[in-house]
Amino acid sequence: MTSPTHPFSSVLIANRGEIALRLVRACRELGLKSVVAAVGSEKDALPAREADAIAVLESPKSYLDPKALLEAAKKTKAGAIHPGYGFLSENADFAEAVISAGLTWIGPPPAAMRALGNKLAGRAVAEKASVPVLPGAKLGKDPAKAAKEVGFPLLVKAADGGGGRGQRMVEKPSQLTEAIESARREAGASFASEEVFLERFLPAPRHVEFQILGDPKGKVVHLHERECSVQRRRQKLIEESPSPALTPELRERMGAAAVRLAEAAGYRSLGTVEFLVDGKDFYFLEVNARLQVEHPVTEAVLGLDLAQWQIRMAMGEPFPFSQAQIQPRGHAIEARLCAEDPDHDFLPSGGRILALDLPRIPGLRWETFLEEGREVASDYDSLLGKAVAWAEDRAGAIRRLDQALAGSVLLGLHQNLGFLRFVLGRPEFSSGKYDTGLVEERILAAWVSRNRDLPPEAKALIAEAKSRPIASGAGSGRRIPDPWQDLNGWKP
Amino acid sequence: MEAVRLRAVRGNGGIWLSLDGEARFIPDEQAGAARAGTAAGADPVSPMPGRVTKLFVKAGDAVTAGAPLAAVEAMKMEYLVKAPADGNVGRVLCSVGDTVALGQRLMDWEAKA
Chain A
0 MTSPTHPFSS VLIANRGEIA LRLVRACREL GLKSVVAAVG SEKDALPARE
50 ADAIAVLESP KSYLDPKALL EAAKKTKAGA IHPGYGFLSE NADFAEAVIS
100 AGLTWIGPPP AAMRALGNKL AGRAVAEKAS VPVLPGAKLG KDPAKAAKEV
150 GFPLLVKAAD GGGGRGQRMV EKPSQLTEAI ESARREAGAS FASEEVFLER
200 FLPAPRHVEF QILGDPKGKV VHLHERECSV QRRRQKLIEE SPSPALTPEL
250 RERMGAAAVR LAEAAGYRSL GTVEFLVDGK DFYFLEVNAR LQVEHPVTEA
300 VLGLDLAQWQ IRMAMGEPFP FSQAQIQPRG HAIEARLCAE DPDHDFLPSG
350 GRILALDLPR IPGLRWETFL EEGREVASDY DSLLGKAVAW AEDRAGAIRR
400 LDQALAGSVL LGLHQNLGFL RFVLGRPEFS SGKYDTGLVE ERILAAWVSR
450 NRDLPPEAKA LIAEAKSRPI ASGAGSGRRI PDPWQDLNGW KP
Chain B
0 MEAVRLRAVR GNGGIWLSLD GEARFIPDEQ AGAARAGTAA GADPVSPMPG
50 RVTKLFVKAG DAVTAGAPLA AVEAMKMEYL VKAPADGNVG RVLCSVGDTV
100 ALGQRLMDWE AKA
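First to last, the sequence lines map onto chains A and B.
Quick note: the first sequence uses numbering that gives the first Met the number 0, first residue 0, plus one each step.
Quick note: the second sequence uses numbering that gives the first Met the number 0, first residue 0, plus one each step.
One should not assume that every hint holds.
To be verified - Between beta-carbon pairs, the in silico distance windows are:
1. B/P67 <-> A/S321: 52 to 62 Å
2. A/K147 <-> B/D85: 26 to 36 Å
3. A/G101 <-> B/R90: 49 to 59 Å
4. B/G102 <-> A/P215: 48 to 58 Å
What the hints assert, rightly or not - Below are the DSBU-like pairs computed for lysine-lysine, each with C-alpha atoms no more than 35 Å apart in a straight line:
5. B/K81 <-> A/K137
6. A/K465 <-> A/K171
7. A/K218 <-> B/K81
8. A/K137 <-> B/K57
Stated by the list, open to error - Anything over 10 Å on all C-beta distances counts as not near chain B; from chain A, calculated:
9. L69
10. R252
11. Y379
For the record, the hints were derived by calculation from the structure and aren't laboratory data.
Just so it is clear, CB atoms sit at the ideal spot from N, CA and C, and this is done for glycine as well.
Bound-form chain A, shown alone (with noise of 0.2 Å):
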């Protein structure tokens, strides 16, 4: 491999769970040295343990402090800072920061974030660069007016937002009051700013999203796309690639789109513009500054190792492949892992994990931060980790997917396996053609009223595990099984 040389030798990570532990991964991978950023309860997390160094925060709201962070990059000598996603990570003050610092910013130059990262500001850019945009306002002075130009149904957006928080949709004039206050709450405790704006609501569009990359030299490519519209609450749940919706010819247009978007806003680094299809139509939706959760789905079916490029490109290394090099293969899919309750309305759960057993499959890939003992907080976001299948085709990568997901065993709290294979398994979702309302339409009806029936086995083992003392799964790290405590059962 060819080193170029680079500024920085260690990379603080500021972030936790999964996504700290898969830059943890990446840093080792090309001879970096990392810095997991921690609170006291996670410094013996999975992250932390596999980092080099460990930096102590303060409290889980650490992660939002700008100060803290640099403090915690100066201590452990850092040269550069990763900030994964959620958090700071689209936060273009921070970025300056840390660049001013003397430290290396893994992630998009700030004025392309400020240009781009805002959704506002965004819908400016891409209305400059021909890329079509929905009806769309600021609240002004007179919210009800610039309501009545978007036209109802519309949704208050966070501008500052992402993954579908601080975000409410109004369906007449009466409900705007309530809905843009309980938005702004929801982003001022979520994200940098309170500010919201209003976007005409389509109905029912797919939602899918281009992957981009603009290396040091200047070069935009984009990576392909991946089909997001298997949302509920406006939150994914599964995303894939290729997209069944798009044909060759709206791929086309849409990858040109995207990367027209980011050369007008001089983008480098990764980066993800989110579309909204609504037949052979498409409009920009919003661009997310940075490495997504769902950046997986696009390794699998591309063979690159984007969070590797992202730091590579920190580095000053160029990419080196052009557009026609970049090819998918196959087809990938990923299902995120969440502390919910399918059966109550998804309310987030917490717990000590009593029970993990994540089967290993060819072709499938697990990112994940979970151990047996661990406690599950409700102090973050309620992403546990995500799976990732990948098969020469759509079916094939669906029914991998599934396999691993019937083959793991993950207990002690409420979570969403179970529901994750419901909508796998249903035809709405496998004939590929589907939009956002798929969840909560089409497919949240059936699972509530679905047969809940226990298995006479089932029934067999409670009454058993009923006088069996129960499991501490006290400290953390993985549990030495107890075969007298965990009691398995097969149903030929």
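Since chain A is already given, all that's left is putting chain B on it; use the hints.
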């Protein structure tokens, strides 16, 4: 017929059963009673462990069914606790910023007769 993969473990307040990946929770008797109380909707309770971010009412307020009473936030998601029926708010048992447990009573409630 397809095989069903089962596993059971006791802890965290009950029996946890893995059924082809899906987690089912069979609470110990006590926990079961608490959840049943929640479901009956006698008093406004927190739907999850989290933090109270907003109180929309004060003691003595008369509210209609479905009106927002409080907002609870966890994992960066906000949930509104709504009035179970037309009625009056009794004592308010939490403040903004309080950490609350699943099923914790947020306020007393007098349903309209």
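Each hint, compared with the structure:
A beta carbon spacing of about 55 Å between B/P67 and A/S321 agrees with the range 52 to 62 Å that was offered as a hint. For the hinted restraint 26 to 36 Å between A/K147 and B/D85, the CB-CB distance of approximately 33 Å keeps it satisfied. A/G101 and B/R90 have their C-beta atoms about 56 Å apart, which keeps the hinted 49 to 59 Å range intact. The hinted range of 48 to 58 Å is satisfied by B/G102 and A/P215, whose Cβ atoms lie roughly 54 Å apart.
For the proposed pair B/K81 and A/K137, the alpha carbon gap of about 30 Å is at most 35 Å, so the pair holds. Distance restraint check for A/K465 and A/K171: the Cα-Cα separation of roughly 52 Å exceeds the 35 Å cut-off, and the hinted pair is therefore not satisfied. Taking the CA atoms of A/K218 and B/K81, the gap is near 53 Å; set against the 35 Å cutoff, the hint is violated. For the given pair, A/K137 sits about 33 Å from B/K57 by alpha-carbon distance, which is consistent with the 35 Å threshold.
With a least beta-carbon separation of about 23 Å from chain B, A/L69 lies farther than 10 Å from that chain, consistent with its non-interface assignment. Listed as a non-interface residue, A/R252 keeps its Cβ farther than 10 Å from every Cβ of chain B; the least gap is roughly 35 Å. Listed as a non-interface residue, A/Y379 fails to keep its Cβ farther than 10 Å from every Cβ of chain B; the least gap is roughly 6 Å.
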